[in-house]
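2 protein chains.
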Amino acid sequence: MTQANAGTQPSNPLLVVGSVALDTVETSQGKRDEILGGAASFSCYAASFFAPTRLVGVVGTDFPVAHEDLLRAHGIDLGGLERVPGRTFRWAGRYAADFNTRTTLDTQLNVFEAFKPKLPAAWSETPFVFLANIDPVLQLEVLTQVKRPRFSACDTMNFWISGKRAELLRVLERVDMILLNDEEARQLSGHSSLPAAAKAISALGPKAVVIKRGDAGALLFQGDDVFAAPAFPLDNVVDPTGAGDSFAGGFMGHLARTGDTSPASVRSALVAGTVLASFCVEDFSLDRFRTLDAAAIRARIAAFASLVGFEAPRI
Amino acid sequence: MTQANAGTQPSNPLLVVGSVALDTVETSQGKRDEILGGAASFSCYAASFFAPTRLVGVVGTDFPVAHEDLLRAHGIDLGGLERVPGRTFRWAGRYAADFNTRTTLDTQLNVFEAFKPKLPAAWSETPFVFLANIDPVLQLEVLTQVKRPRFSACDTMNFWISGKRAELLRVLERVDMILLNDEEARQLSGHSSLPAAAKAISALGPKAVVIKRGDAGALLFQGDDVFAAPAFPLDNVVDPTGAGDSFAGGFMGHLARTGDTSPASVRSALVAGTVLASFCVEDFSLDRFRTLDAAAIRARIAAFASLVGFEAPRI
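Protein chains in written order, with the numbering used here: chain C, 1 to 315; chain A, 1001 to 1315.
Simulated from the structure, these hints should not be mistaken for laboratory data.
Just to be clear, a hint being listed does not mean it is correct.
Think about it this way: if two alpha-carbon atoms lie no more than 25 Å apart in a straight line, the pair counts; the simulated DMTMM-like pairs of lysine to aspartate or glutamate are [unchecked claim]:
hint, chain 1, residue 1, chain 2, residue 2
1, A, K1207, A, E1141
2, C, K164, C, D98
3, C, K207, A, E1141
4, C, K147, C, D106
5, A, K1199, C, D98
6, C, K199, A, D1283
7, A, K1199, A, E1183
8, A, K1199, C, D283
9, C, K199, A, E1183
10, A, K1207, C, E173
11, C, K207, A, E1311
12, A, K1031, A, E1311
13, A, K1207, C, D106
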């Protein structure tokens, strides 16, 4: 955990539950077969630049040991990653030339279908928890196994909003923050205006609501406090898969690193998430992360600050 | 021109050429018939909060004098607004519930069809010039009538990009900045990546390229310098008509006000444009502007600074 503990500030462990997958991805920049993917893989790797990270998930007997080694080598604790008989979760998709439209070609749940998250006993007091986009029933099972985390967040998707709404609402009652995209926010709230949607979602439980808008950036609502961050503009997008998960991972990893859950700190964490997402999309799978270090992250944080900085107009 | 000259900084006149129209608009918030619209109306009004503004355009004999009075009362010089026999330009459109999709129901060029912009002789040395979205042939005629402006900018649209490309390219060789939306930027450049599109467009002439993205904000490219500004999130959008024109007007008005065309000043001006656009959409036509004053603009500039402010994450 050299990367995770390199900082000078206190750093608290972060627990992430979600999918670990083998993805087949086609973009205008190329095609890759059965590469490492899954929300937990991206989130954990992004988070582990900032904080000790614990992964809860499941893979099949066909999951390459090299992928486990990659995650472990970056300090991710795989004590909650089960390996069970059967095939690993698989996803296949294709992106349009502008990367804004994605077509899912295949989804095979495989070992994920019967997944019941089981946390190692020693993880039950993990202070920071991220429930990536999985069945809200499983998200609840994780929340039941951790004792009052200091800060918990969840992701979700249209499939659960329409199919398991009651269970999702029980999750929302218990988490401090939700991250979802603009269409999901509209679907969950019934409001087309994003500020109105965020207000309605916050009334369901989470005091912070993050609306992810892809290359249009993100909005963070904390009561009446609103923060807007553009995406980092890139010339060389290769594969957007995992961008939202890397955003959430960098976000939660930075929160865990500082241990500060004040509104100002949540804003800073969102910028960390934006920066990690910008690296993620520069290559397939987790490939860009493999050569990433704190200095490069620091340089892009500075570039982001320059991207959005201005002298206030006068009148 | 009390508003325009209220500041303490130097203020240079801004000339705007574009449409003055009667709009029929339907949004989820209501329907209005034959209200004051047109790119020049919105741009001039927004600009005139910052700088002395000169309007070049044409209306028919049916154009209500009350509309002229409204513009003149805000300090806009109508010395270039012709009134000719015939009917005023009319546009009718309807917006989807989320305001992101607009259907044009009717366009009647009317007196605009035979429009030839003629600048009053005294305006030929106007230092700041904004060519709103009109036929590039007319934009060129205006550029021919002003002697080396200190800073000129143009808007355009898909119709001219495909139909009058050669003429548009001649405009681009002569302006300092172009403002256009993301789809137009892709169409004009042939690049789907916005940074790549901006670079290609800048190579055609304008040293600054502004890509307007509606509620996703705006991107400003000045060589290698990139600025990203989110839109100001609003609960109460009433009518998006004129938002892009008000953005351009506030932008160019602020540039004219300061007289400073450095990259940092262009960034500040973009924020002024963002703020003026955010007021524009809060009511139909120019109605929100009618009750707007410098104090309210100043307050929203402060709110915008708070919206995007953050402490840099640490790693």
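Now the hints, each set against the structure:
1. A:K1207 x A:E1141: Holds: K1207 (chain A) and E1141 (chain A) sit about 21 Å apart, inside 25 Å.
2. C:K164 x C:D98: Given pair K164 (chain C), D98 (chain C) is violated - Cα atoms ~32 Å apart, limit 25 Å.
3. C:K207 x A:E1141: Violated, because 56 Å separates the two Cα atoms, which is more than 25 Å.
4. C:K147 x C:D106: Not OK: K147 (chain C) and D106 (chain C) at ~37 Å, beyond 25 Å, violated.
5. A:K1199 x C:D98: holds (17 Å)
6. C:K199 x A:D1283: Since the Cα atoms of K199 (chain C) and D1283 (chain A) sit roughly 22 Å apart, the hinted pair holds (cutoff 25 Å).
7. A:K1199 x A:E1183: holds (15 Å)
8. A:K1199 x C:D283: holds (22 Å)
9. C:K199 x A:E1183: violated (31 Å)
10. A:K1207 x C:E173: violated (51 Å)
11. C:K207 x A:E1311: Holds, because 20 Å separates the two Cα atoms, which is no more than 25 Å.
12. A:K1031 x A:E1311: violated (44 Å)
13. A:K1207 x C:D106: Roughly 45 Å between the alpha carbons, so the hint for K1207 (chain A) and D106 (chain C) is violated.
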